[in-house]
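With chain S's structure known, arrange chain G on it following the hints.
Given next are the chains, with one letter for each unit.
2 protein chains.
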Amino acid sequence: MEVTDILRKNSTIVDKEINESLSEVCPGKLQDASKHLITGGKKIRPSLVLLSCEAVGGSVDSALKTAAAVELIHTFSLIHDDIMDKDDMRRGKPSVHVKWGEPMAILTGDTLFSKAFETILETGIDGVTYERVVGALKTVVDSCTKICEGQAFDMCFEGNFEVTEVEYMNMIYMKTAALIAAASKAGAILGGGTPQQVEAFEEYGKLIGLAFQIQDDYLDVVSSEEDLGKPVGSDIVEGKMTLMVVNALSKASPEDKKELISILKAHEDTDVGRAIEILEKYDSIKYTYNISLNNVEKAKKLLDVVEDSDAKQSLIMLADFVLHRTS
Amino acid sequence: MEVTDILRKNSTIVDKEINESLSEVCPGKLQDASKHLITGGKKIRPSLVLLSCEAVGGSVDSALKTAAAVELIHTFSLIHDDIMDKDDMRRGKPSVHVKWGEPMAILTGDTLFSKAFETILETGIDGVTYERVVGALKTVVDSCTKICEGQAFDMCFEGNFEVTEVEYMNMIYMKTAALIAAASKAGAILGGGTPQQVEAFEEYGKLIGLAFQIQDDYLDVVSSEEDLGKPVGSDIVEGKMTLMVVNALSKASPEDKKELISILKAHEDTDVGRAIEILEKYDSIKYTYNISLNNVEKAKKLLDVVEDSDAKQSLIMLADFVLHRTS
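These protein sequence lines are chains S and G, in that order.
The opening position of the first sequence corresponds to residue 67 in our numbering, with each subsequent residue numbered one higher.
The opening position of the second sequence corresponds to residue 67 in our numbering, with each subsequent residue numbered one higher.
Take the hints with a grain of salt, since some may be wrong.
Identical chains share a label here; the pair holds if one copy fits it or two copies do between them.
[Said to hold, decoys possible] No more than 25 Å apart at the CA atoms, straight line, and that leaves these computed lysine-lysine pairs for DSS-like:
(1) 364 <-> 108
(2) 378 <-> 108
(3) 347 <-> 323
(4) 152 <-> 95
(5) 306 <-> 296
(6) 82 <-> 212
(7) 152 <-> 165
(8) 306 <-> 317
(9) 331 <-> 95
(10) 324 <-> 352
(11) 378 <-> 366
(12) 378 <-> 75
(13) 82 <-> 108
(14) 95 <-> 212
(15) 212 <-> 165
(16) 152 <-> 212
Honestly, the hints are just simulated from the structure, not real lab data.
Isolated chain S, as found in the complex (with noise of 0.2 Å):
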């Protein structure tokens, strides 16, 4: 099976699972604006829970409740970062503040994180364990703490190029890392995973995780057009701060630097073949790629603590398809 049939699979029981959890919020105009984004995401996240349950041996049924609360969890955080970060678009659609205004997309965000936790604590009539639950609830939890404290730091570092590299690891591994980590933890724990194998599935979710985010940026800059849906480097010309601009500006020449920080101040597109020149000159665009191939290496190599197995094999294609992906 390719990656994108995998995701195919997962993607229609995961979509089956919320579309029971969100049947039944009401008024209809709160229950059409928190379907709205759930059936165009790829599902990678719900799909590591699953898979990452039963590469340790348990039953998908054990985290089907729990794959789709990490998806309406990512879908909140979408819906609540579009408002703040004013992006009109989402999924090729209008954004949720779009098309049913801001306070009634805050409210969608909400609804969707509280259904989230509702949709984990019905695992228990499946007859997985309460400690079990619990345990799964724990590392989602966390990880929605996470998730808001990384996107206060990202706008905290708005304007500030001085942001180090820890500081920028530190960041996008709550903003993105964490939620992915706690979707192949939770998997595993709710697989009944021995303490070695949650450990090592939360530490493969973190680096692909990591892996994921950094080559996002890679691709804006390394990517095509025709590939990315947008113009190759957006992100340059939103001024935003990633990897390879967090490196380029931590190895540049006074003078390069201030360049390089012109132009992210400019807003404009007229110089972003200049700014990747920068990037290449400081090798940032290879360094970062190679930081994200690392880290899927190391992550598959952390799935030998399981036995051989068809979902094992799909988390290798997974770390995998994180890295050879075109957009």
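Frame of chain S, contents of chain G only:
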């Protein structure tokens, strides 16, 4: 002990718990915003958790984390509501979005929401069974979804003068009473109450929660500017639907109905006296007070499911306080 003493005593221990729960939130800006409104509230909800736990024979310690969580959830909903309703002041201070901006206020609400669940999940280490913790969690999560739905209904009702009393009561149940009911129910669960006691305590919370909201609106019309800290009738100026208004509109002659609606739409304070005259003409103020009174009497009666104790007496006093407060 007076009600205010009971609330003050509980406030001290709950504030300490909340401050501990928020002490590791980072960056500092997010932590400051998270703590901004904590010290200002009356702490009725967490007091209900603690007293209900004690009243069924449990120890305050078992319920402390959940008491803190319920207050965190209440504060989260105030912060998001203030953004949605564009309320610039809260608890005598500038609202979170006024002080830190809307993006940070959205994030602050999300953080408190997440921290609330994190806090309940820490109960496990106090030696309460997983089953009770999960029961308390389910109760609280369920009320969170209702808070969101209630706020959405409230927004959808805006400018709709055909809202029925049943629809209105359902809205305030979801928006306000559900969390209060969850507080007393969760306390009873954590204290090891019987199913019959848990049910009675939930209903007690629901009834005083409804009375609380109805009295809030009632006081706006019958209290003094001095007690309220704002002009009498400001709900009328805002065009807010209250039980008094819903009741009067359902009984009024076509002429009076038309006049009341036009006053509510005008958003001016010149005709507040005339609006109150119409509410009085149809006995809607007295009608409303009687509903609160009945609710509180029924609520107190429900406490017969437990033996007499200081905690039970405090719950009776809290029910009366909802009715007899002047602001």
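Status of each hint after checking the structure:
1. 364 <-> 108: within (23 Å within a copy, 52 Å between copies)
2. 378 <-> 108: within (19 Å within a copy, 53 Å between copies)
3. 347 <-> 323: For residue 347 and residue 323, only the intra-copy Cα distance (12 Å) is at most 25 Å; the inter-copy one is 75 Å.
4. 152 <-> 95: Close inside one copy (22 Å) and across copies (21 Å); limit 25 Å.
5. 306 <-> 296: Answer is within: at 15 Å inside a copy they meet the 25 Å cutoff, but 45 Å across does not.
6. 82 <-> 212: Intra 28 Å, inter 22 Å, cutoff 25 Å: inter-copy only.
7. 152 <-> 165: Answer is both: 13 Å inside a copy and 20 Å across each meet the 25 Å cutoff.
8. 306 <-> 317: within (18 Å within a copy, 59 Å between copies)
9. 331 <-> 95: Close across copies (24 Å), not inside one copy (40 Å); limit 25 Å.
10. 324 <-> 352: within (22 Å within a copy, 72 Å between copies)
11. 378 <-> 366: Intra 9 Å, inter 58 Å, cutoff 25 Å: intra-copy only.
12. 378 <-> 75: Classified as within: same-chain Cα gap 16 Å, cross-chain 55 Å, threshold 25 Å.
13. 82 <-> 108: within (15 Å within a copy, 43 Å between copies)
14. 95 <-> 212: Between. Shortest inter-copy distance 15 Å satisfies the 25 Å Cα cut-off; intra-copy 30 Å does not.
15. 212 <-> 165: between (28 Å within a copy, 23 Å between copies)
16. 152 <-> 212: Cα proximity of residue 152 and residue 212: one copy only (21 Å, versus 28 Å across).
Checked against the numbered hints above, the structure violates none of them.
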